[in-house]
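S.K.: With these hints in hand, go ahead and build the complete structure from the sequences.
Residue-level listing of the chains:
2 protein chains.
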Amino acid sequence: MKIQLALDLLDPRKALDVVREAGPHVDIIEVGTSLLKHSGIAIVKDIRAICPGKPLFLDMKIIDGPEREALLMAQCLPEYYSMLAVASDTAVSKVLAIASQNNAVVVFDLQSVPNPVQRARELKALGATHLCVHKNADCGDDPQQAFREFLDVNEACGLTMALAGGINLSTLPALKEQLHPEIAIVGGAILNADNHRHAALNFEAIAKSH
Amino acid sequence: MKIQLALDLLDPRKALDVVREAGPHVDIIEVGTSLLKHSGIAIVKDIRAICPGKPLFLDMKIIDGPEREALLMAQCLPEYYSMLAVASDTAVSKVLAIASQNNAVVVFDLQSVPNPVQRARELKALGATHLCVHKNADCGDDPQQAFREFLDVNEACGLTMALAGGINLSTLPALKEQLHPEIAIVGGAILNADNHRHAALNFEAIAKSH
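Going down the list, the protein sequences come from chains A and B. For the first sequence, numbering that gives the first Met the number 0 gives the first residue as 0, with consecutive numbering after it. For the second sequence, numbering that gives the first Met the number 0 gives the first residue as 0, with consecutive numbering after it.
Any given hint might turn out to be false.
As the list claims (entries may be wrong) - Lysine-lysine pairs mimicking DSS-like chemistry, simulated, CA-CA at most 30 Å apart:
| # | chain 1 | residue 1 | chain 2 | residue 2 |
| --- | --- | --- | --- | --- |
| 1 | B | K175 | B | K1 |
| 2 | B | K13 | A | K44 |
| 3 | A | K13 | B | K207 |
| 4 | A | K13 | A | K123 |
| 5 | B | K207 | B | K13 |
| 6 | A | K123 | A | K1 |
| 7 | B | K44 | A | K44 |
| 8 | B | K175 | B | K123 |
| 9 | A | K207 | A | K53 |
Stated by the list, open to error - Simulated coverage check for chain A against chain B, where a stretch passes if three residues somewhere in it have a Cβ under 8 Å from a Cβ of chain B:
| # | region |
| --- | --- |
| 10 | 28-36 |
| 11 | 62-74 |
| 12 | 155-164 |
| 13 | 172-180 |
As the list claims (entries may be wrong) - Pairwise CB distance ranges, derived in the manner of DEER restraints:
| # | chain 1 | residue 1 | chain 2 | residue 2 | range |
| --- | --- | --- | --- | --- | --- |
| 14 | A | D193 | B | G187 | 31 to 37 Å |
| 15 | B | E78 | A | S208 | 47 to 53 Å |
| 16 | A | E121 | B | H209 | 33 to 39 Å |
| 17 | B | A204 | A | E181 | 55 to 61 Å |
| 18 | B | E78 | A | E66 | 44 to 50 Å |
| 19 | A | Q74 | B | P172 | 35 to 41 Å |
| 20 | B | D10 | A | A48 | 48 to 54 Å |
| 21 | A | G52 | B | D26 | 43 to 49 Å |
| 22 | A | R19 | B | E181 | 28 to 34 Å |
| 23 | B | G187 | A | N102 | 25 to 31 Å |
| 24 | A | K1 | B | A136 | 35 to 41 Å |
| 25 | A | K13 | B | H209 | 38 to 44 Å |
Worth flagging that the hints you see were computed from the coordinates, not collected in a lab. No experiment lies behind these values; they were computed from the predicted model shown. For glycine and all other residues, C-beta sits at the position ideal for the given N, C-alpha and C.
M.R.: Shown next as structure tokens:
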């Protein structure tokens with residue numbers, strides 16, 4: 000299981016501090032949607048300078064403007080970026096085609112999808128390889144629903160699965176054992192820790208345990 | 000009817016050139032989603048310097064992280080910004096509350112909503128005042144569907160309505176007469192014109208005609 004550190008904050012200086020401390024101990028570094036809107040893609044270069052070679056994920060949440068959004072990614076070349084699973088099939092196909100040319104993986108975020116299992120099957124047919132079950136306590140989502148949605152979607156499509164939403168050191172061991180996500184996305188539990196490096200090391204230990 | 004100029008492009012220098020030429024002749028200047036992700040909110044300051052006092056719209060397409068996204072808007076204070084209508088009710092309520100404190104209007108983009116009329120009624124009940132019917136040819140949307148969706152949603156909720164998607168000088172007169180949108184959002188027809196100022200003046204003439 001990989002740990003993805005989500006830089007879900009607005010202050011780019013704090014974000015880069017966290018990357019310096021925790022970045023070397025996680026598998027993927029995610030530029031959060033709000034941070035990207037705050038700082039633009041220049042933040043990608045800053046993170047690369049601190050952690051060269053570490054895979055980056057841009058939480059783009061693409062829904063339209065497929066060529067424009069995918070060409071923007073070609074300017075900064077993250078290893079992963081997100082698209083909303085509610086986007087149209089046409090937009091999905093266009094983004095997947097451009098991402099493939101850039102050796103990037105598109106991760107489809109299942110937020111607000113009325114029927115996640117059906118949509119996951121459709122996305123797989125369009126060529127998607129990675130899905131993210133993403134439940135936000137701050138949007139009123141029910142964490143129990145995330146659990147069921149993850150299992151149902153995983154069983155239905157067998158794609159690489161990420162899980163996001165309020166994951167912490169107490170909940171990750173059970174999530175790992177019961178859901179087996181390929182990627183666990185952790186934000187606040189590292190960002191708000193007194194010691195970011197120490198928190199990342201603790202998550203790494205769980206991820207690598209058997 | 001107001002004309003909103005959508006800066007749907009990736010090059011900030013070209014965007015600012017267009018603002019210099021066309022900005023004074025439109026009612027609202029929109030920072031497109033991709034431009035915002037490219038340049039971050041610094042672009043807002045650059046546009047304000049060229050067209051001080053002109054209302055700005057940031058095409059944020061918020062779907063989650065409601066406090067973070069709305070606080071980001073408090074840092075640059077656009078008059079309008081967008082949220083996806085597919086977002087959860089909890090996220091909608093949080094964003095509306097913070098926008099109200101900043102005297103900003105949240106425009107709900109009805110893209111990918113399974114039942115736009117029902118969702119428009121729900122959004123109105125949550126306090127929404129502005130909706131956008133947004134159909135993208137580049138996402139495979141049918142422009143005829145935009146027409147019907149606009150009329151149905153407008154009749155059902157009576158909120159302030161914007162219309163976006165491939166509007167040009169040939170189509171705007173009929174759209175104005177038959178749909179009466181409060182705001183017509185124009186991108187490519189101004190961005191790709193040889194003379195941006197001239198194109199904006201032509202749209203302004205249609206908007207102000209009786």
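S.K.: Take the hints in turn and mark each one as holding or not.
M.R.: Checked hints:
1. K175(B) with K1(B): It holds: about 11 Å lies between the C-alpha atoms, which stays within 30 Å.
2. K13(B) with K44(A): 23 Å, holds
3. K13(A) with K207(B): Not satisfied, since the Cα-Cα distance of roughly 48 Å exceeds 30 Å.
4. K13(A) with K123(A): 37 Å, violated
5. K207(B) with K13(B): 27 Å, holds
6. K123(A) with K1(A): 22 Å, holds
7. K44(B) with K44(A): 22 Å, holds
8. K175(B) with K123(B): Holds, because 24 Å separates the two Cα atoms, which is no more than 30 Å.
9. K207(A) with K53(A): It holds: about 18 Å lies between the C-alpha atoms, which stays within 30 Å.
10. 28-36: With 5 residues closer than 8 Å to chain B, the region 28-36 of chain A meets the three-residue bar; holds.
11. 62-74: holds (count 10)
12. 155-164: violated (count 0)
13. 172-180: violated (count 0)
14. D193(A) with G187(B): 31 to 37 Å: Once the Cβ atoms are compared, 50 Å apart, the range 31 to 37 Å for G187(B) and D193(A) is violated.
15. E78(B) with S208(A): 47 to 53 Å: Given about 52 Å between the Cβ atoms, the range holds.
16. E121(A) with H209(B): 33 to 39 Å: Roughly 47 Å apart at Cβ, these two residues miss the hinted range, so it is violated.
17. A204(B) with E181(A): 55 to 61 Å: Given range 55 to 61 Å: holds, Cβ gap about 56 Å.
18. E78(B) with E66(A): 44 to 50 Å: 29 Å, violated
19. Q74(A) with P172(B): 35 to 41 Å: At roughly 38 Å between Cβ atoms, P172(B) and Q74(A) fall inside 35 to 41 Å, so the hint holds.
20. D10(B) with A48(A): 48 to 54 Å: About 24 Å separates the Cβ atoms of D10(B) and A48(A), which means 48 to 54 Å is violated.
21. G52(A) with D26(B): 43 to 49 Å: Since G52(A) and D26(B) have Cβ atoms about 48 Å apart, the given range 43 to 49 Å holds.
22. R19(A) with E181(B): 28 to 34 Å: Distance hint for R19(A), E181(B) is violated at roughly 48 Å.
23. G187(B) with N102(A): 25 to 31 Å: 30 Å, holds
24. K1(A) with A136(B): 35 to 41 Å: 38 Å, holds
25. K13(A) with H209(B): 38 to 44 Å: 54 Å, violated
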